[in-house]
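Protein chains: 2
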Amino acid sequence: MATPELKAELTRERRGVDRTLRRLLRSEKGIPDRLRQAMGHSLLGPGKRLRPLLLLWTFDAVTARRRTTPVDRDQAVEIAGALEMLHCYSLIHDDLPAMDDDVLRRGLPTCHVAFDEATAILAGDGLQALAFAICARRGGSKAAALVELVAAAVGPAGMVGGQQLDLDAEGTAVTAATVARIHRGKTARLLAASLTAGALLGGGRPEVLKRVHDAGMDLGLAFQGADDLLDITATTAQLGKSAGKDQESDKATWVKIEGLAKARARTRRYGRRGLATLDEALPPGAAAGRLVALAGMMWNRDR
Amino acid sequence: MATPELKAELTRERRGVDRTLRRLLRSEKGIPDRLRQAMGHSLLGPGKRLRPLLLLWTFDAVTARRRTTPVDRDQAVEIAGALEMLHCYSLIHDDLPAMDDDVLRRGLPTCHVAFDEATAILAGDGLQALAFAICARRGGSKAAALVELVAAAVGPAGMVGGQQLDLDAEGTAVTAATVARIHRGKTARLLAASLTAGALLGGGRPEVLKRVHDAGMDLGLAFQGADDLLDITATTAQLGKSAGKDQESDKATWVKIEGLAKARARTRRYGRRGLATLDEALPPGAAAGRLVALAGMMWNRDR
Numbered sequence: 001m002a003t004p005e006l007k008a009e010l011t012r013e014r015r016g017v018d019r020t021l022r023r024l025l026r027s028e029k030g031i032p033d034r035l036r037q038a039m040g041h042s043l044l045g046p047g048k049r050l051r052p053l054l055l056l057w058t059f060d061a062v063t064a065r066r067r068t069t070p071v072d073r074d075q076a077v078e079i080a081g082a083l084e085m086l087h088c089y090s091l092i093h094d095d096l097p098a099m100d101d102d103v104l105r106r107g108l109p110t111c112h113v114a115f116d117e118a119t120a121i122l123a124g125d126g127l128q129a130l131a132f133a134i135c136a137r138r139g140g141s142k143a144a145a146l147v148e149l150v151a152a153a154v155g156p157a158g159m160v161g162g163q164q165l166d167l168d169a170e171g172t173a174v175t176a177a178t179v180a181r182i183h184r185g186k187t188a189r190l191l192a193a194s195l196t197a198g199a200l201l202g203g204g205r206p207e208v209l210k211r212v213h214d215a216g217m218d219l220g221l222a223f224q225g226a227d228d229l230l231d232i233t234a235t236t237a238q239l240g241k242s243a244g245k246d247q248e249s250d251k252a253t254w255v256k257i258e259g260l261a262k263a264r265a266r267t268r269r270y271g272r273r274g275l276a277t278l279d280e281a282l283p284p285g286a287a288a289g290r291l292v293a294l295a296g297m298m299w300n301r302d303r
Numbered sequence: 001m002a003t004p005e006l007k008a009e010l011t012r013e014r015r016g017v018d019r020t021l022r023r024l025l026r027s028e029k030g031i032p033d034r035l036r037q038a039m040g041h042s043l044l045g046p047g048k049r050l051r052p053l054l055l056l057w058t059f060d061a062v063t064a065r066r067r068t069t070p071v072d073r074d075q076a077v078e079i080a081g082a083l084e085m086l087h088c089y090s091l092i093h094d095d096l097p098a099m100d101d102d103v104l105r106r107g108l109p110t111c112h113v114a115f116d117e118a119t120a121i122l123a124g125d126g127l128q129a130l131a132f133a134i135c136a137r138r139g140g141s142k143a144a145a146l147v148e149l150v151a152a153a154v155g156p157a158g159m160v161g162g163q164q165l166d167l168d169a170e171g172t173a174v175t176a177a178t179v180a181r182i183h184r185g186k187t188a189r190l191l192a193a194s195l196t197a198g199a200l201l202g203g204g205r206p207e208v209l210k211r212v213h214d215a216g217m218d219l220g221l222a223f224q225g226a227d228d229l230l231d232i233t234a235t236t237a238q239l240g241k242s243a244g245k246d247q248e249s250d251k252a253t254w255v256k257i258e259g260l261a262k263a264r265a266r267t268r269r270y271g272r273r274g275l276a277t278l279d280e281a282l283p284p285g286a287a288a289g290r291l292v293a294l295a296g297m298m299w300n301r302d303r
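Chains as they are written, first to last, in the numbering used here: chain A, 1 to 303; chain B, 1 to 303.
Each hint should be verified, as a subset may be incorrect.
Same chains, same names: a pair is fine if it fits in one copy or spans any two.
Taking lysine-lysine and the DSS-like style, the derived pairs with C-alpha atoms no more than 30 Å apart in a straight line are [claimed, not checked]:
1) LYS210 x LYS245
2) LYS262 x LYS48
3) LYS256 x LYS210
4) LYS210 x LYS29
No wet-lab data here; the hints were simulated from the structure.
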């Protein structure tokens with residue numbers, strides 16, 4: 001699916017994000033050693049860096065024809081790192097024994113296994129606060145709007161709410177609409193906010209922000225749909241996290257309700273609609289093309 | 001210590017904060033029922049509302065002679081509520097079995113006892129995100145500075161870091177300086193940020209913000225010193241939380257290291273210095289007098 005050129009660009013961009021994450025964590029003064037190690041363990045391990053990439057490539061697509069932008073790209077990279085911190089905090093807390101009770105993440109022991117439960121809870125809490133500090137510090141004239149956008153996406157009506165619905169639904173009979181509500185909160189909101197933040201920081205107009213957000217919600221549903229399919233069809237080694245967990249804990253997924261074929265078709269439907277919306281929202285050009293290619297990879301996945 | 005007039009003002013102000021908290025939680029759309037109940041259980045129970053009061057009365061003291069202020073008092077009250085949410089989230093997480101493992105808080109079952117551990121973790125996570133959303137939404141021209149101030153105070157080099165140091169210190173031999181570092185992070189930073197946020201939102205100059213912050217750090221240490229003394233000298237019924245917990249889990253406190261008399265003298269020393277700094281920082285008047293009286297009550301405590 002991805003051309004060699006795109007793969008090379010992805011690798012280069014990911015490395016830049018990784019460097020920024022290391023620098024951001026290292027440069028924060030006064031973090032106790034054990035807490036910093038735990039945050040670093042989960043944040044600096046291997047990862048797709050999907051949310052940072054979506055932010056940055058949307059930023060690039062929106063700013064391709066502009067001379068001045070609300071923030072420069074260095075600021076955008078740090079804010080992209082902040083979104084990765086939020087994603088990482090949610091993984092640390094989701095993996096806790098009281099939640100999904102998982103021991104493997106991104107091919108490494110989960111945070112509470114490598115450290116302990118208390119430290120893992122605090123590492124997650126600390127990453128959330130640090131992410132908002134960075135958004136406020138580096139968001140320039142868009143800082144307040146950025147924090148509001150991102151906080152709503154990860155808050156009790158967004159990511160945290162989705163996780164709650166997911167836990168509440170375990171072992172119960174759910175409808176496809178309930179699964180959609182869970183996936184929108186748990187996954188799509190932060191992915192959509194990543195795209196939207198890129199457009200916001202690039203100076204995109206309100207209607208562009210809205211369309212990009214809509215695209216991100218569809219792409220987020222497609223991404224989660226693909227994730228649920230992979231939980232069935234891929235191995236633990238391929239995933240870097242425990243495979244077959246959804247079935248084991250009787251998670252609410254479309255696969256469970258509709259079967260593999262229908263779930264696959266549904267994922268494709270969301271994915272295609274998201275791609276079309278995204279394509280229309282952006283000024284045509286190389287930067288937009290690269291972003292659309294990345295968005296396609298979100299649901300045509302092998303891991 | 002407190003005059004009947006001051007007590008009446010405290011009660012009135014607390015009721016206003018409580019009304020705001022109820023409204024803020026109720027008006028957030030899309031929060032799953034169980035999560036909203038868990039957040040409400042911990043947030044809307046009885047509480048001193050110390051951080052909101054400090055913010056609001058500092059705001060009043062700083063704005064007493066101004067015609068225009070960066071935000072109006074209605075906005076300040078909502079931001080005061082956001083600080084209470086942050087405090088409340090920290091209590092929910094601190095009480096978890098993996099942390100301090102407490103079953104009683106403010107005279108009620110702790111969140112994970114009333115609900116379950118996963119819901120309690122998420123309720124805390126959600127309150128943190130919601131607090132930053134409110135700061136960004138209502139902070140007007142000071143929103144970015146406010147989020148940065150508050151996120152630093154509760155982040156890995158602040159409140160979360162203090163909690164980590166506190167857990168790391170349990171059962172180990174510590175110095176009085178280590179206890180001070182723990183208390184600064186765990187308690188004083190958010191209290192100092194509450195005062196500083198009030199001054200910031202009221203349009204206080206940088207030197208006023210700095211002095212108020214210094215005062216808040218000293219008052220915060222005195223507050224925590226008094227808290228540790230009460231853990232020894234008061235009953236569970238008086239405290240509304242389990243008494244004697246510090247000794248039981250061998251917590252790092254000045255009482256443990258220095259004994260009751262020296263710990264009491266130390267608390268008084270911090271408290272007096274904090275009061276003097278605060279008094280000097282503010283324009284004299286009824287509003288400043290009321291704030292200083294409240295600051296005195298922080299360490300001359302009966303609960």
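Item to check | List of violated hint numbers, smallest to largest | outcome: Of the numbered hints given earlier, those the structure breaks are 1 and 3, listed in rising order.
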